[in-house]
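Start from the sequences and build out the full structure, keeping to the hints where you can.
Chains A and B, in that order, give the protein sequences.
Using the UniProt record's numbering, the letters of the first sequence correspond one by one to residues 1 to 577.
Using the UniProt record's numbering, the letters of the second sequence correspond one by one to residues 1 to 460.
Because the hints were derived from the structure by calculation, they are not lab data.
Computed from a predicted structure; not experimentally measured.
Treat the hints with care, as some may be off.
[What the hints assert, rightly or not] SDA-like, lysine to any residue: derived pairs with alpha carbons at most 20 Å apart: (1) K207/A x G93/B; (2) K165/A x K177/A; (3) K157/B x N195/A; (4) K15/B x D436/B; (5) K321/B x L224/B; (6) K256/B x S235/B; (7) K8/B x N37/B; (8) K444/A x I390/A; (9) K276/B x S374/B; (10) K344/A x E354/A; (11) K256/B x I270/A; (12) K207/A x Y131/B; (13) K209/A x C156/B; (14) K257/A x D210/B; (15) K157/B x L208/A; (16) K246/A x D210/B; (17) K140/A x M152/A; (18) K257/A x S235/B; (19) K257/A x P188/B; (20) K8/B x T46/B; (21) K385/A x R450/A; (22) K268/A x S235/B; (23) K199/A x R154/B; (24) K69/B x M226/A; (25) K286/A x W346/A; (26) K280/B x Q409/B; (27) K246/A x W168/B.
So you can see what is in the structure, the chains are spelled out below.
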Amino acid sequence: MGEWMTVTDPDLSSESKNICQYTSETKMSPSSLYSQQVLCSSIPLSKNVHSFFSAFCTEENIEQSISYLDQELTTFGFPSLYEESKGKDTKRELNIVAVLNCMNELLVLQRKNLLAQENVETQNLKLGSDMDHLQNCYAKLKEQLETSRREMIGLQERDRQLQCKNRNLHQLLKNEKDEVQKLQNIIASRATQYNHDMKRKEREYNKLKERLHQLVMNKKDKKIAMEVLNYVGRADGKRGSWRTGKTEARNEDEMYKILLNDYEYRQKQILMENAELKKVLQQMKKEMISLLSPQKQKPRERADDSTGTVISDAEEDAGELSRESMWDLSCETVREQLTNSIRKQWRILKSHVEKLDNQVSKVHLEGFNDEDVISRQDHEQETEKLELEIQQCKEMIKTQQQLLQQQLATACDDDTTSLLRDCYLLEEKERLKEEWSLFKEQKKNFEKERRSFTEAAIRLGLERKAFEEERASWLKQQFLNMTTFDHQNSENMKLFSAFSGSSDRDSLTVHSRPRQKKPHGVSNGSPVCTSKLTKSLPASPSTSDFCQTRSCASEHRYWSVGGLCTCLSHCWRCAAE
Amino acid sequence: MNFSEVFKLSSLLCKFSPDGKYLASCVQYRLVIRDVNTLQILQLYTCLDQIQHIEWSADSLFILCAMYKRGLVQVWSLEQPEWHCRIDEGSAGLVASCWSPDGRHILNTTEFHLRITVWSLCTKSVSYIKYPKACQQGITFTRDGRYMALAERRDCKDHVSVFVCSDWQLLRHFDTETQDLAGIEWAPNGCVLAVWDTCLEYKVLLYSLDGRLLSAYCAYEWSLGVKSVAWSPSSQFLAVGSYDGKVRILNHVTWKMITEFGHPATINNPKIVVYKEAEKNPRLALGRLAFPPPRAAAGPASTTESKYEIASAPVSLQTLKPIADRANPKIGIGALAFSPDNYFLATRNDSVPNAVWIWDIQKLRLFVVLEQLSPVRFFQWDPQQPRLAICTGGGKVYLWSPAGCVSVQVPGEGDFQVLSLCWHFSGDSLALLSKDHFCLCFLETEERVGTAFGRPGDHT
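Right under this line is the structure:
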């Protein structure tokens, strides 16, 4: 590329120079020519001295150079520099237009080339930098690859080592297991051998003992003797009896008697325990029935409930209860009946308690919703606050009045002093007057406010009175309906839930508020009662402790009977409460 | 609490008579009978050799003194001091001697357990029982004295024979399914016999009086088994202490385990009261230094006073690391005893030698732990009330009751190391035995006990 540049450069410059010279020769004035020459000479001087001397075109070879150029240009596809000759013999003329066109075209080409060159150069640079970057990246990645490869190798090595270790450990474990097995076998064999030896030794020992016995006893050892001063009587005072078959039989009899007594004693104890437990169960059942029967009327409304079927059972049981003598009759039937009925009752109680629990939780939820309504207390507080404000305002007004009056009085009385001060008090006086008027206006406003407040208070009082009346009437109604208390309560409950269930509270809630409030707060109606019941139920050791005590009792009869009974009855009382 | 003066004693032989009137003690070859109340010597008998064992007859009329080395038993009568009886076992030798419950027969076990000779004091008759087994507890009488069970070994098999004590007639004879029977014990009601196997195997068998196997119980296998067994006085429970440091309570209805009492070395439950014996600071000692310094220098540990402190919730008890390669390792429940009212069970775990565990049987849980400064040697319940006396071989006796516990220094010059103790059946007095002395400790009567035991006062 550099070469190419060096080749074209002198060409171009020489050409332009030639043209320049040529034009100056042909067309321009001497002065301009001179200047041109200076210009021309100055350029080659500065640029290329050598072009002057060995230039492409000199005065002598204009023709040749032109023809050469023409040839060159035509080979490059430019139009001929010569005019179109009419005849062959005529000398061809230089076509200046064509020359200029060619020159222009060459220049354009040159510019284009330069531009292209520039572009190419920048692109080259860009590509070079890209290349560098990529090379960098490549190097980096290579490095990374290297490191990861190394890492991998390390990990593989470790893995291998671990596997090796694992294998070793496995081997060890196996060895140990084998060892254990071996030792166990050894132990077993030793044990058998030991037992065998022991037996052998014992036999030998027994033999020896036998021998010794014979030796010792057969010797008629004089020493083996008892010296007693005189024989003493038996502890029971009786004489010893002869051993006969009779005594043997008697002994047997006695033994069996003792055993029998023991069994009888135990049976009696168990019977007592059973009786106690039965009693407790019976009592429990009775109380359960009595507790559950009033609530039976309620589920009757909801006929779909399964409890409806139980009512008849309960009545049956109640009828059964009257025949208490039946308890002492056949054991199994009674036991079955008792357990069945207790189980049934228990189920009812459980479902009932669960229901109550649900209700209580519902009531709680509703209670939270109810907070949107402004309570009476809040109302009262608000009015109190307002009244207090009124009081404060009044007081302020009063003090302001007093102050103003004082000031005025002093201003009027002391004329002499006022005269003395007139020079500077006059202005102040006017200001005060202005303020006075302002105050008066304020006072008027305050009075207006006061009036409105008092009106509001009166209105509140009226409202309260109405409220009180309503309450009284409600209480009366409540009192009158006391006989059908449960029923009413359940209705109240339903009403209550229905109301609090509705999302929008407008005039309806305002009216119903006092009525809703009171069953909640004043009467110990169903919601409170149920909550109490459910609270006491889980707290009392009802189910779990009952089971525990029972299981304990079965193992642990000695003291448990009384305790269990009391415990059960206690549980029961708790539940009943 | 009052203490009597100190009397001489040898081989820890000191016993109250069953009727509670007399106290027998031995000094070398002399047997001394004292009145319990006055402590005056009533009788003094001289035996032929050093006495190794004494036993009162059940009616408190006779007392036997055994001299095993000479194969001799001498019997003395309290009513007739001139009456005497001498039983010589001759070359057969003697290893054990005991009264039959009627107090008219003496059972002597000859050397090598060749036989048991039953000597009668009423008649000239002598009976022999062959093949008694040499074991921990081979003879047991029912509480009413009617029957005797005897462990036997014949043809390499364990057997139990039940005798009627009145005429020594064999009532029942049956073999037990034990490898090597270690002990037998009648239930207090006399209807059930507990039989346990050697420590190599955990096995407890329960037989009815008529020889039927009622139940067999095995808690685990392949480990050291039963170490101690105790019936509750009501015959309702059988407590079995084993080498795994647990007590298992069996019930008398199903003969199955009701509960298991572990003896952990740390007590985390704050409900359990842990009484820790602590030495009192001997500050006062400086103030009153006796001029001729007493012999206290010999044993300062035994003369410093101590008291009980209530340790707060997580208490770790001192444990002993058992020596694995020796026989009879110090692990497992070595001692257990029910209180006479069945309410409490006292146990000692041999690997925690300083502690006594007291369990509430009514609630089947741990109630109190006492941790002493030195290993507990012996403990015994008051026969009348839930009150436990403990001795540790030091100069103090310790008493526990549900109201609290006290540590009492035994007065007297020198150190009186209480190695053993025994209660008078009324529970009013307690004999404290040391190596060569004994003294009586009189406990306050009811109204004063309250103040004496009122110390921690957080328990009733």
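Results for each hint:
The suggested pairing of K207/A with G93/B holds, with an alpha-carbon distance near 18 Å, which does not exceed 20 Å. With a CA separation close to 18 Å, the supplied pair K165/A and K177/A stays within the 20 Å bound. For a cut-off of 20 Å, the pair hint linking K157/B to N195/A stands: about 12 Å separates their Cα positions. In summary, the hint linking K15/B to D436/B is supported, as the alpha carbons are separated by about 15 Å, within the 20 Å threshold.
A C-alpha spacing of about 17 Å is found between K321/B and L224/B, which places the hinted pair at or below 20 Å, so the restraint holds. At roughly 14 Å between alpha-carbon atoms, K256/B and S235/B fall within 20 Å of each other, so this suggested pair holds. With a C-alpha separation of about 18 Å, the suggested pair K8/B and N37/B falls inside the 20 Å cut-off, and the hint holds. Distance restraint check for K444/A and I390/A: the Cα-Cα separation of roughly 14 Å lies within the 20 Å cut-off, and the hinted pair is therefore satisfied.
This hinted pair checks out: K276/B and S374/B have alpha carbons roughly 11 Å apart, not beyond 20 Å. The suggested pairing of K344/A with E354/A holds, with an alpha-carbon distance near 15 Å, which does not exceed 20 Å. Taken as a hint, the K256/B and I270/A pair is honoured in the structure, with Cα atoms around 18 Å apart against an allowance of 20 Å. For the given pair, K207/A sits about 12 Å from Y131/B by alpha-carbon distance, which is consistent with the 20 Å threshold.
Taken as a hint, the K209/A and C156/B pair is honoured in the structure, with Cα atoms around 13 Å apart against an allowance of 20 Å. For the suggested pair K257/A and D210/B, the alpha carbons sit about 11 Å apart, so the restraint of at most 20 Å is met. The straight-line distance between the Cα atoms of K157/B and L208/A is roughly 17 Å, inside the 20 Å bound, and the hint therefore holds. Using a Cα cut-off of 20 Å, the hinted pair K246/A and D210/B holds, with the two alpha carbons roughly 18 Å apart.
A threshold of 20 Å between alpha carbons decides the hint, and for K140/A with M152/A the separation of about 18 Å falls inside it, so the pair holds. For the given pair, K257/A sits about 18 Å from S235/B by alpha-carbon distance, which is consistent with the 20 Å threshold. For the suggested pair K257/A and P188/B, the alpha carbons sit about 17 Å apart, so the restraint of at most 20 Å is met. Distance hint between K8/B and T46/B is fulfilled; the C-alpha atoms sit about 15 Å from each other, no more than 20 Å.
Between K385/A and R450/A the CA atoms are separated by roughly 14 Å; this keeps the pair inside 20 Å, and the hint holds. For the hint pairing K268/A with S235/B, the CA-to-CA distance comes to about 16 Å; that is within 20 Å, so the pair holds. The suggested pairing of K199/A with R154/B holds, with an alpha-carbon distance near 11 Å, which does not exceed 20 Å. A C-alpha spacing of about 17 Å is found between K69/B and M226/A, which places the hinted pair at or below 20 Å, so the restraint holds.
Note on K286/A and W346/A: the hinted pairing holds, with a Cα-Cα distance of about 12 Å set against a maximum of 20 Å. Distance hint between K280/B and Q409/B is fulfilled; the C-alpha atoms sit about 12 Å from each other, no more than 20 Å. Under the criterion of a C-alpha separation no larger than 20 Å, the hint pairing K246/A with W168/B is consistent with the structure, at around 14 Å.
This entry satisfies every hint, going by the numbered hints stated previously.
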